[in-house]
Amino acid sequence: MSERSGTGKIQEWLRQATLPFLLLFTFACGDSGTPEKGITLKRNARKVSVIAHRGASGLAPENTLASVKKALETDADFIEVDVHQSKDQEVVVIHDPTLDRTTTGTGRVEDFTLAELKKLDAGIKLDSAFAGERIPTLAQVLRAVKGKKKLLIELKKGEEDYYPGLEENTIRLIRENRAEEWCVLQSFYDPILDRIWKADFVIQTQKLMVGKIPFLPIYIDHELKFGGFDRYSEATTINVHRYFASKAFIKSLHSQGFKTFIWTEDEPKNIQKLFEIGADGVMTNHPELIKKL
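For the sequence shown, full-length UniProt numbering gives the first residue as 1, with consecutive numbering after it.
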């Protein structure tokens with residue numbers, strides 16, 4: 001047996017051995033639930049960041065201009081949004097590759113032109129008070145934020161494949177809005193990050209993943225992977241799910257020169273604990289619960 005084939009068999013065995021864990025994690029990986037009401041936190045002297053997840057999505061429909069504007073009213077340091085691409089290659093702000101969960105439409109984002117997407121209601125499914133909210137373009141969000149806070153943009157892939165030109169179109173919009181200093185790009189997908197790093201453009205990037213399995217050289221982003229984090233040396237930050245945010249893991253990331261943002265926690269007491277064990281930032285649907293000193 002060659003060394004390569006032996007390694008391949010070991011990796012396949014590890015994939016099979018960790019499959020039950022991944023399935024359990026998938027079911028447990030939703031948002032952290034409704035937070036305690038009326039609790040606010042003060043951050044300690046160490047510089048940490050609060051990231052408004054999909055805008056202030058606990059207060060308004062996620063990834064809409066309403067949620068972005070609500071986030072601007074809070075003490076959040078970053079506003080995080082997700083981007084996909086329309087049929088006519090317009091960069092639009094929506095989390096899923098399909099329209100069904102958050103809008104009155106159905107089907108894949110990439111199968112509709114921007115004009116068609118703009119006819120859909122992106123607010124009424126959450127609350128009738130937000131009827132008439134539309135899927136915003138990234139350009140609209142950039143103009144709304146306008147450097148008042150940092151903008152963390154997560155680049156997505158389509159339901160089946162990567163969007164042609166998404167990275168270039170996102171970079172173009174950032175340039176047109178002179179937003180290089182206050183925008184940061186992140187993705188689960190290495191090909192997207194690689195294309196950003198190869199572009200003639202200087203901008204902060206972050207690697208998004210689920211987390212690393214303790215005591216094994218295995219980590220999970222959108223799939224199971226083997227090895228360390230050397231390939232992400234151009235990223236400033238590695239962002240992991242709260243279930244993987246241990247003090248030891250955060251310390252290990254810091255020792256490798258990475259910061260880490262934790263996603264997604266809504267309970268104020270747990271947010272405070274994440275800061276205490278060394279997290280550099282926490283993503284939350286309820287940024288209004290975190291107050292600056």
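Careful, some of the hints might be misleading.
[As the list claims (entries may be wrong)] Below, simulated DMTMM-like cross-link-like pairs (lysine to aspartate or glutamate); rule was C-alpha separation at most 25 Å, straight line:
(1) Lys-146 to Glu-90
(2) Lys-251 to Glu-288
(3) Lys-69 to Asp-127
(4) Lys-148 to Glu-180
[Said to hold, decoys possible] The calculated label-pair distances, taken between Cβ atoms and stated as ranges, are:
(5) Thr-106 to Asp-127: 16 to 24 Å
(6) Arg-143 to Glu-276: 33 to 41 Å
(7) Phe-215 to Ala-129: 26 to 34 Å
(8) Lys-291 to Asp-230: 34 to 42 Å
FYI, nobody ran anything at the bench for these hints, they're computed from the structure.
Cβ coordinates follow ideal geometry from the N, Cα and C atoms, glycine included.
Q. Has the given pair, Lys-148 with Glu-180, been kept, meaning a C-alpha gap of at most 25 Å?
A. holds, 13 Å
(Q) Need the status of pair Lys-251, Glu-288: alpha-carbon distance at most 25 Å? (A) Status violated; Cα separation ~28 Å.
Q: Measure nothing beyond the straight line between the CA atoms of Lys-146 and Glu-90; if it is 25 Å or shorter, mark the hint as holding.
A: holds, 20 Å
(Q) Against the range 16 to 24 Å, how does the distance between the Cβ atoms of Thr-106 and Asp-127 compare: consistent or not? (A) holds, 20 Å
(Q) I want to verify a distance hint. Is the separation of the beta carbons of Lys-291 and Asp-230 within 34 to 42 Å? (A) With a Cβ separation near 38 Å, Lys-291 and Asp-230 satisfy 34 to 42 Å, so the hint holds.
Q | Given pair status - Asp-127, Lys-69, alpha carbons within 25 Å | A | Measuring from Cα to Cα gives roughly 17 Å; hence the hint holds.
Q: Evaluate the given range 26 to 34 Å for the C-beta pair formed by Phe-215 and Ala-129.
A: Because 49 Å falls outside the window, the suggested range is violated.
Q: Mind checking the hinted window 33 to 41 Å against the Cβ distance between Arg-143 and Glu-276?
A: For Arg-143 and Glu-276 the Cβ distance comes to about 37 Å; the hint holds.
In terms of the numbered hints stated before, the structure departs from hints 2 and 7, listed from lowest to highest.
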